[in-house]
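Novice: This is what each chain is made of:
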Amino acid sequence: MKIKLVLPIAFFLASAACIVLFIMNEPAFHNEKTLYEISAVVSGPQDNYWEAVKKGMDQASSDFNVDLNFISLSGADYTAEQESQIRREIENGAAALIVAPCSGDLSLEAVISSAAKKAAVVMIESESDNESIKASVSADNEELGGKLGRQIALSEGIVSDAAVISTGSGAQYEEARLEGLLSEMSAGRAPEVFWISGKQEDMEDEIKNLVRDNKPSVLAALDARTLSAAAAACEKEGTAVYGIDSMVSVVPYLEKGVIRGAVVSNAYNMGYLAVKAAVESIQGKRVERSVKIDFAVVTPSSIYTSENQRILFPFVK
Amino acid sequence: MVKIKRKSGFLNFRFQNHSFQFMLSLSFTVVAVVGMIFVSAALYLAFFNSTLATLAADHQLILEQVNLNLDGYLRNMMRISDSMYFRVLKNVNLSRDNVSKEMALLYDVNRDRLVTLSLFSDEGSVIASTPLSALKPSVDVTRQRWFASAWESIENLHFSTPHVQNLFENSENKYNWVVSLSRSVNLTYNGEIRYGVLLVDMNFSAIEQICRRVSLGDTSYIYIINGDGELIYHPKQQLIYGNLLEENTLAVLGYEDGNHLDASGEHQKLVTIKTVGYTGWKIISVSYLTEVMPGTQLMLFAILILLFGIALMVFVNYLVSANIANPIQTLEKAVRDIEKGGINAPIPEGGSAEVRTLGLAINNMLARNRKLMDEIVWEQEQKRKSEFDALQAQITPHFLYNALDCILWSIKDGEYETAMTLISVLSKMFRISISKGRSIISVKDEIEHAQHYLTIQNTRFKNRFNFTFNVQPEVYPLATIKLIIQPIIENAIYHGMEYMDGDGLIVIDSYLENGDLYFKITDNGMGMTEEVVAGLLTGPAARAGVGGGSGIGLYNVQERIHIYFGREYGLTIESEPDEGTRVLIRLPARVYDPDKMEAAPS
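From first to last, the protein sequence lines are chains A and B.
For the first sequence, counting from 1, position 107 maps to 107 in our numbering; every step adds exactly one.
Here our numbering = 1-based position in the second sequence + 1000.
With the rest of the complex left out, here is chain A (with noise of 0.2 Å):
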């Protein structure tokens, strides 16, 4: 009788013992919630361009419950600041960071690859082969630049004395994006790349000086710091400025005709992706190793479509 017993008595007290334990760590009847930390960390100032990327992450963090530290740089050393800044977050506890690599330094690849051992390191704007990086969520690169080569030749022909402006960062998109636009423009005389940097009104006096010294017909800006500046610069000179990632501040140049194309990127898909990428990397989740985001062309007169302005003015609160 006693060793009959045994049994049910034993399975009596292991369900009582289940349902304990399920209460005391289950998250549904304390009314928790996951609260993931994460960090991102951007490759320029902030502007219009990494608003929209921002509010895309702003809306993702609401959805995904996450405590978001959006960090853009504004020194004089993007890569060391940017290098700095990605330390700092990993050495306060950031579960997932978000990077837009400002450059192509190996230095900052490393700090980047060190911090991929300590939080799950997610890539916007750029694509890395980097087997710690968990996933890149950008747009093709070198199919944008592709794009833009093909927008041109359609708007002004085959173009003999175009230039090309860059950041010369090395960084991997603006690298793709490069040999995107100069493979679709080899019918004519290969393009000069201009290499300019610094802050926007200095970027836009190298470009003053770059377009009365080279007198380029086209003038293709390869980011949307360098279209903004490009716009500003030409807007008197006459110059057909063709550029990637326009933001809101450059529309006016578009409406004018200033900016006679622009590719561009859904920056807020962008910023949405990367969290949710981020997120699910640090749930364990399976992640899609490269995500890419869709793009438009944008011309003066298809600026107001429905499905441009949606991209242009990001639709938020």
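Bear in mind the hints are in silico, worked out from the structure with no lab data behind them.
Check each hint, because a few of them may be wrong.
Chain B side only, calculated, beta carbon under 8 Å to chain A, not exhaustive [said to hold, decoys possible]:
(1) His1163
(2) Val1164
(3) Gly1242
(4) Phe1308
Beta carbons: idealized from backbone N, C-alpha and C, even for Gly.
Dock chain B against chain A, hints included.
Specialist: Frame of chain A; chain B shown alone:
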């Protein structure tokens, strides 16, 4: 019916291998679990329906409130448009009058909700506009959607979907999302009526604020679509615009106002719809039932509680069934023991009243059986005793003839002394033989009887043999079966001594050994082979009586001893041809008491 029988047979087949207690536990548990599941399901459904009804009522109330606010806002915008049209434009000659002042006044009163208030000619040129009036060179007003809508149906007011206001030069480069309210208007120019379009650009954030104020829960939300299913407002509008989220607005268009359960997506949801007057916009609230219904964790918890309940029931059922089944199982075990022959095994009388009654009844039945069996055994023993006693009685005529014949010859030969002795001995023999009808007599009488018998036989056989008695004095008071030595002596005489010529010897010993009484009858006669010895007590020859003599075989003696004292007592025969025979009789050493011997079973 056949199927039911077959199923029942199947169940019986499956269950017959299990114990009564197991069956009870299983039955109780199955019934309880099924009951629990039914009750749980019923409660869950009741809870589900009640929650759903409450939720639907709440959402309808909320939508009524949102509709009230939104309708108020839109009517206000329409009043602005009406005021501008009916109070200003209808009363002015635009060739002469300027309406900018009235327009600015209206704008100032409603500036929080308005972005621009503009009047355009039928060619798209600006007649009046506030606060901005310088049209962008790149803008062709006539190609604007709101402009075209105004011309499509000139009597109505038209509400656009949200779009970026891009008409006027703006030094701050501000790009506002607006909802445009446009209408066709009649403009008077020196009595000539021309057409124009009046535009009221409503600040979209005002609509957003109306909807944002509503709190429905973590995953519930409100959105607004127009009559074509185009999104007016959605809390995650940019995600939908960026194709990261999908809202099936076209499906909702098919719904009437009220509550609808929509199972089209991954999760079932409650969709409540309210149509806004005039605009045809629909305010839609969406609640995922997973939010209001128990989630996975709670369901898991409920299942765990259910399992715990089942475990508790198994435990309790086990105890209850054990309480019921154990007395029955004990009873069953006792009955099995009885079946195996343990008729004296005790029958427990515990458990419930029915089981106790059953145990009592079996006990009574067994007692009666035991009594009946004892009576039958006693009767059988008595019958056998009677039979053997009857056989024993055969001694009388045969031996009597021989003895009387011997007495007769003694008288004829003038041996009167011998004849008298023989008559005296014969008389004593008969007295002992009769023994008041008892089968058990004292050893003393039995020895005496054997001595008398040998005396007669020795006379008859003319002293061809001698005999000797060696009897321990302490055996005399002991009890023995009557006339068990005489048949052995008779056999010894007839088969051993008949052909001896004066040197025959019969020795009778009686003694106690290991608590038993022994008689040993030894002769030096012809002896027997082992086969003959073996057949003396068991074979057919034994039953028929070997050879002549009195006709009473050793078999009869053996059987009588078995009947009276059990099979552990009886005869042992050892014999060698030409050497002689020794017969050992073993009996229990019991003091002879004529009052206690041969009693019937009680």
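Novice: The structure should be examined with respect to each hint, and the outcome stated for every one.
Specialist: For each hint, the structure was consulted:
no. : hint    : result
1   : His1163 : holds (7 Å)
2   : Val1164 : holds (5 Å)
3   : Gly1242 : holds (4 Å)
4   : Phe1308 : holds (4 Å)
Consistency with the previously given hints is maintained throughout, with no hint failing.
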